[in-house]
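**Q** Please model the entire structure based on the sequences and the hints provided.
Chains P and G, in that order, give the protein sequences. 1 is the number of the first residue of the first sequence in this note's numbering; add one for each residue after it. 1 is the number of the first residue of the second sequence in this note's numbering; add one for each residue after it.
Rather than coming from a laboratory, the hints here were simulated on the basis of the structure. Mixed in with the good hints there might be a few duds.
When chains are identical, the list treats them as one kind, so a pair holds in a single copy or across two.
Stated by the list, open to error - Straight-line Cα separation of at most 25 Å, SDA-like style, residue types lysine to any residue; simulated pairs:
{"id": "1", "residue 1": "Lys80", "residue 2": "Ala204"}
{"id": "2", "residue 1": "Lys80", "residue 2": "Leu159"}
{"id": "3", "residue 1": "Lys80", "residue 2": "Trp158"}
{"id": "4", "residue 1": "Lys80", "residue 2": "Pro152"}
{"id": "5", "residue 1": "Lys80", "residue 2": "Asp126"}
{"id": "6", "residue 1": "Lys80", "residue 2": "Arg166"}
{"id": "7", "residue 1": "Lys80", "residue 2": "Leu11"}
{"id": "8", "residue 1": "Lys80", "residue 2": "Arg14"}
{"id": "9", "residue 1": "Lys80", "residue 2": "Glu41"}
{"id": "10", "residue 1": "Lys80", "residue 2": "Gly146"}
{"id": "11", "residue 1": "Lys80", "residue 2": "Arg93"}
The model shown is predicted, which means the values in this text are computed figures rather than measured ones.
There are 2 protein chains.
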Amino acid sequence: MGSSRPGTQSLQSRTYRALRRSILDGDFVPGRAVTIRGIAEDLGISPTSVREALRRLVAERALILSATGRVSVPVMTREKLAELVNARICLERQAAIDAVPGITDRVVSRLVRLNRAIDRAIEAGDHRRYLVTHRDFHFTLYRVGGGEVFLPLIESVWLQISPFLRYTLSGEHRSRYSTSDRHVEIIEALERRDATALGFAVEADIRHGIGALIESDWNRPDDAAAGPNTAGIRTADRESG
Amino acid sequence: MGSSRPGTQSLQSRTYRALRRSILDGDFVPGRAVTIRGIAEDLGISPTSVREALRRLVAERALILSATGRVSVPVMTREKLAELVNARICLERQAAIDAVPGITDRVVSRLVRLNRAIDRAIEAGDHRRYLVTHRDFHFTLYRVGGGEVFLPLIESVWLQISPFLRYTLSGEHRSRYSTSDRHVEIIEALERRDATALGFAVEADIRHGIGALIESDWNRPDDAAAGPNTAGIRTADRESG
DNA sequence: AGCAATTATTTGTGATCACAAATTCCTGTC
DNA sequence: GACAGGAATTTGTGATCACAAATAATTGCT
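**A** And the structure:
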């Protein structure tokens, strides 16, 4: 079909993954307009696949569709952020608890390793690396409990938070972040296979990690009104991490 | 754009809504293959819009995309159903609790009215009417708490359960269903504005309503292998209910 | 200069088409 | 009759195009 060699995924799917990754990595500025043709040109492909990729991201609430059919990166509101935090707590606590029966020492040691990588990224001030490793830590845990149901739901919530998270890691916010402390609690609960403690640790991690921003001056002067996209969508095509 | 008069929604969006409604109403049999061209012919439109509508439903996990690009109605497994029930409990308990501050007597009386409509539908043996009113009852409650975050997540879970629910209302299963009893508990908790009791009532409603099926002989001989779609997709285009 | 009206451009929409992969149907063989 | 092999059909994919709505740019007027 089309022009794909066997083994190669569809162009639309690769486009989707590239865009999603860019969103998760914080390359999409809230408020910016995203045009089909703009991305199609950046990627050197026809608008067809881009349209489908964008619509998929709209369906996952990573992007929003205006009444006139225009796609853009959603702007965060306090109410929405509070709801997203609630959703994260609901879903991720349950996903973590569901993971407990499947936890092995191997998984725990991997989480310990990822946690060290997170600390290194924070110390080095490497935003992107922090986001990647932090994401990897959480999803490594949630993946243990199986979950063709919970994971997509959680991913949708992360996609909605990610464009906003960009702010948390740039500038003065970074110093307030001691996320890894809570990760240690998570790891300790896992070592004891203590589901209840794990649930509280996950909730605390989320609440302290993001919830703190609700009351802070996060609504900084927008670089949102900036021009059209070209946000450096990296086409690198690896399985989601 | 295209050929739509102003005020009319896009064809793709109407197609999506029609398909989603059919899924929620139980017209889609698990395992059945859904083809782009098939639906396009049924609806008398070009494949383009249908493809986008289908992909959106795939993104929402209402349908699944095989490795070869084929779209079909997912087949339920015990594990997945257990996960879906867990997800419903997580999300809907929270959504209900979030609704409590916004509950008015007017909402409560509407729920009472809907609950009576559900009972009537059960007595009359009207499956479709039962599904519609039952859905209306739950989402009327969840909508009170605002929620541009929780509602889409809950809708995704409902879409995943719906094709399976078709079984619960046909044949011998119906007699076991006394869903409305739990709805009364929900209403009583709402009248007292008792968030904690409400949470338990919602959980009980979900667990008893669907959870009972996990242990029952729900995996009846499939009419799944039946021919291509043409499942009577009703094109009626009203705002989602 | 400030603002409204008009023109030009951009952008989403949906149809059509060519192509190749996947599926189905038919046939021939054992 | 069951099954493998091959032709015919179906199906998804992605590009291209015409069109109209929406946005941006320009012009003209006060």
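**Q** Determine which of the earlier numbered hints do not hold for this structure and return their numbers in increasing order.
**A** 5, 7, 8, 9
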